[in-house]
Amino acid sequence: MIRVNNSDDTQLDQLMGNNLLNNTEPGSIPLTGLPESIRVMEGDAGEVLEVSMGPQHPSTHGVFRMDVVLDGETIVKLKPVFGYLHRNHEKIAEQISYLGTMPYTDRLDYFCSMTNNWGYALSVEKLTGLEPPERAEYIRVITGELTRVVNHICLVGFFVQDMGASGTPLMYAFREREKILDLFESLSGSRMMCNYMRFGGCRVDLSPEWLAEAKKVVDECPRFLDEFETLLTENEILIARSRDVGILSSQKAINAGVTGPMLRASGVNYDLRKVDRYGIYDRFSFKVPLGPVGDCYDRFMLRILEARESLKILKQALKDIPEGPIMDAKSKIRNFKPKPGEAYGRIESPKGELGFYLISDGGVSPYRYRVRSPCLMNLTVLEDLCIGSKIADIIVILGSVDIVLGEIDR
Amino acid sequence: MVGLGILKGLRETARNLIGSFYQKERLTTVQYPEEKIAPKENNRNFPFLVFDKDPEANLRCVSCKICEKECPPQCIYIVQKRNEKGKAVKYPEVFDIDVSVCMSCQICVEVCPFDAIKMDQEFALSREDRFEDLLFDRVRLSKSNEYYHQIHPTEAGEVDGRLKEQRKQAEAKAEAKKQAAEKAAA
Numbered sequence: 000m001i002r003v004n005n006s007d008d009t010q011l012d013q014l015m016g017n018n019l020l021n022n023t024e025p026g027s028i029p030l031t032g033l034p035e036s037i038r039v040m041e042g043d044a045g046e047v048l049e050v051s052m053g054p055q056h057p058s059t060h061g062v063f064r065m066d067v068v069l070d071g072e073t074i075v076k077l078k079p080v081f082g083y084l085h086r087n088h089e090k091i092a093e094q095i096s097y098l099g100t101m102p103y104t105d106r107l108d109y110f111c112s113m114t115n116n117w118g119y120a121l122s123v124e125k126l127t128g129l130e131p132p133e134r135a136e137y138i139r140v141i142t143g144e145l146t147r148v149v150n151h152i153c154l155v156g157f158f159v160q161d162m163g164a165s166g167t168p169l170m171y172a173f174r175e176r177e178k179i180l181d182l183f184e185s186l187s188g189s190r191m192m193c194n195y196m197r198f199g200g201c202r203v204d205l206s207p208e209w210l211a212e213a214k215k216v217v218d219e220c221p222r223f224l225d226e227f228e229t230l231l232t233e234n235e236i237l238i239a240r241s242r243d244v245g246i247l248s249s250q251k252a253i254n255a256g257v258t259g260p261m262l263r264a265s266g267v268n269y270d271l272r273k274v275d276r277y278g279i280y281d282r283f284s285f286k287v288p289l290g291p292v293g294d295c296y297d298r299f300m301l302r303i304l305e306a307r308e309s310l311k312i313l314k315q316a317l318k319d320i321p322e323g324p325i326m327d328a329k330s331k332i333r334n335f336k337p338k339p340g341e342a343y344g345r346i347e348s349p350k351g352e353l354g355f356y357l358i359s360d361g362g363v364s365p366y367r368y369r370v371r372s373p374c375l376m377n378l379t380v381l382e383d384l385c386i387g388s389k390i391a392d393i394i395v396i397l398g399s400v401d402i403v404l405g406e407i408d409r
Numbered sequence: 000m001v002g003l004g005i006l007k008g009l010r011e012t013a014r015n016l017i018g019s020f021y022q023k024e025r026l027t028t029v030q031y032p033e034e035k036i037a038p039k040e041n042n043r044n045f046p047f048l049v050f051d052k053d054p055e056a057n058l059r060c061v062s063c064k065i066c067e068k069e070c071p072p073q074c075i076y077i078v079q080k081r082n083e084k085g086k087a088v089k090y091p092e093v094f095d096i097d098v099s100v101c102m103s104c105q106i107c108v109e110v111c112p113f114d115a116i117k118m119d120q121e122f123a124l125s126r127e128d129r130f131e132d133l134l135f136d137r138v139r140l141s142k143s144n145e146y147y148h149q150i151h152p153t154e155a156g157e158v159d160g161r162l163k164e165q166r167k168q169a170e171a172k173a174e175a176k177k178q179a180a181e182k183a184a185a
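Chains A and B, in that order, are what the protein sequence lines are.
Read in order, the letters of the first sequence are residues 0 to 409 in numbering that gives the first Met the number 0.
Read in order, the letters of the second sequence are residues 0 to 185 in numbering that gives the first Met the number 0.
Simulated from the structure, these hints should not be mistaken for lab results.
All values derive from a computational prediction rather than experimental measurement.
For every residue, glycine included, the Cβ atom is placed at its ideal position computed from N, Cα and C.
Take these hints with a grain of salt, some might be off.
To spell it out: a stretch of chain A is covered by chain B in this simulated footprint if at least three of its residues, at any positions, have a beta carbon under 8 Å from a beta carbon of chain B; those stretches are [what the hints assert, rightly or not]:
hint	stretch
1	169-177
2	219-233
3	246-257
4	260-272
5	317-324
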């Protein structure tokens with residue numbers, strides 16, 4: 000776990016930017032009682048210690064490593080290291096058919112496979128000019144918003160668990176998530192890897208029983224959120240750990256390309272559902288909650304508020320859903336070849352702006368395929384958020400950023 | 000007052016704890032190996048091949064290899080059967096699915112024009128050997144239409160109706176062709 004910079008280890012210093020540790024000359028100070036390989040470096044800021052957190056750290060949400068340089072307990076430098084879960088998603092997509100990429104998009108952000116499907120389907124629809132029928136659009140909104148609820152309540156559970164609330168809020172969140180995953184299973188056949196949306200519609204139709212079940216779940220969910228809020232929002236420990244920790248100013252957030260709840264927690268009113276109005280989001284009335292400060296507490300609260308807004312959308316969508324076809328008649332499964340061109344489709348996934356960029360050369364597989372992943376963009380500000388805070392705050396800050404390594408590494 | 004928020008939260012926890020003894024919705028777990036929750040009708044796991052009456056003669060697969068081509072992780076391997084003269088027969092000599100590679104995406108089912116491959120609900124497939132034992136061959140994959148009706152009743156009903164329709168149309172076409180030939184001969 001703990002690795003202290005060796006004076007010979009200049010390669011790592013160079014990787015780290017070499018600002019702080021450039022003064023390698025004065026030599027290292029051996030500490031008694033530590034192995035010989037562990038030494039403390041003397042840098043510009045006095046004695047600093049380099050700690051490698053992860054990749055097996057339980058709070059890093061997967062295999063993610065942070066090289067942290069510490070002055071006492073204060074963080075002076077942080078370098079995120081990722082790529083442990085890299086599996087060639089973009090290159091594979093350039094070699095298989097357009098439809099074949101759909102199940103792989105499930106595995107990007109494995110918490111929200113429905114929104115990943117939607118984003119990919121949207122960009123292929125932009126490329127080919129297919130138009131999903133009304134009912135399919137409603138189904139997409141319903142499944143997408145259910146995914147948002149799942150993601151946000153689970154994130155809150157993980158976030159609190161990272162602070163040491165050993166499981167209780169997370170288990171309550173998982174209990175609720177289970178109901179929604181059951182809905183996904185009875186609709187698409189799989190709990191998490193749904194592979195549900197298709198170019199120009201959805202794969203299978205909703206049954207009236209499913210709708211009734213979904214209505215029941217949606218009606219019960221606000222009660223659970225109330226319970227969750229009484230459990231957590233006034234908790235003194237949570238407030239002490241998260242308020243004024245990892246403050247992200249709105250300018251910095253915009254400059255870094257941060258999107259999603261993290262950006263809105265910093266007070267920037269930017270929600271693609273309102274900005275782009277993709278799909279049929281212009282038909283629903285919902286608010287975009289904004290955070291006043293941009294600290295971890297705001298990010299935590301914003302998720303609960305967004306889940307509530309999603310439930311509002313769900314109520315409207317479940318009420319209004321029309322009858323009709325669910326697939327564009329022009330769409331075909333075999334021998335799908337879009338005309339040459341390029342398209343960028345983006346949606347507001349629970350984590351931020353999820354975009355898919357496609358270039359077609361008229362063949363069966365895309366010439367270029369690229370994912371704009373919200374987690375990766377949001378992670379770029381991690382160092383700015385962490386510098387100056389204590390080492391225990393890294394965990395809280397990382398938890399509030401909401402990353403899924405499947406999407407970062409791809 | 001400091002601590003009030005924690006007390007409020009603890010009240011909620013206590014309510015859940017006590018409630019779990021009385022309310023079903025607060026206690027959602029089951030004791031798995033003894034107690035099993037029935038899978039949902041649409042649940043899918045790994046593909047299998049459907050046959051109508053006889054597992055050898057009435058296999059619906061005609062070895063067109065569309066699923067082999069479309070399978071995203073490339074886990075299907077098909078060799079077409081040839082008769083004594085070396086002519087290709089509409090039947091798979093070898094049909095292997097490596098379930099350790101399969102990612103249960105259902106694309107083979109969607110692309111199949113003959114409704115020959117469908118999704119199973121069998122799970123807990125752990126084996127001693129992860130290579131040989133998880134490479135399912137044609138015999139292991141073949142399952143009857145009745146079994147398909149058992150696991151996906153609605154879907155299987157639709158498929159049966161569609162196949163019946165197709166057969167009717169084919170028969171009518173053949174009949175028309177025959178009559179036309181007779182007419183031409185006359």
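Hint by hint, here is what the structure shows:
Restraint check on the stretch 169-177 of chain A versus chain B: 3 residues with Cβ-Cβ distances below 8 Å, three needed, restraint holds. With 6 residues bearing a CB less than 8 Å from a CB of chain B, the stretch 219-233 of chain A meets the requirement of three and the coverage assertion stands. Residues of the stretch 246-257 of chain A lying with their CB closer than 8 Å to a CB of chain B number 0, which falls below the three-residue condition for coverage. With 0 residues bearing a CB less than 8 Å from a CB of chain B, the stretch 260-272 of chain A misses the requirement of three and the coverage assertion fails.
For the stretch 317-324 of chain A, the stated coverage by chain B is violated: 0 residues have a C-beta nearer than 8 Å to a C-beta of that chain, whereas at least 3 were required.
Of the numbered hints given earlier, the model fails hints 3, 4, 5; all others are met.
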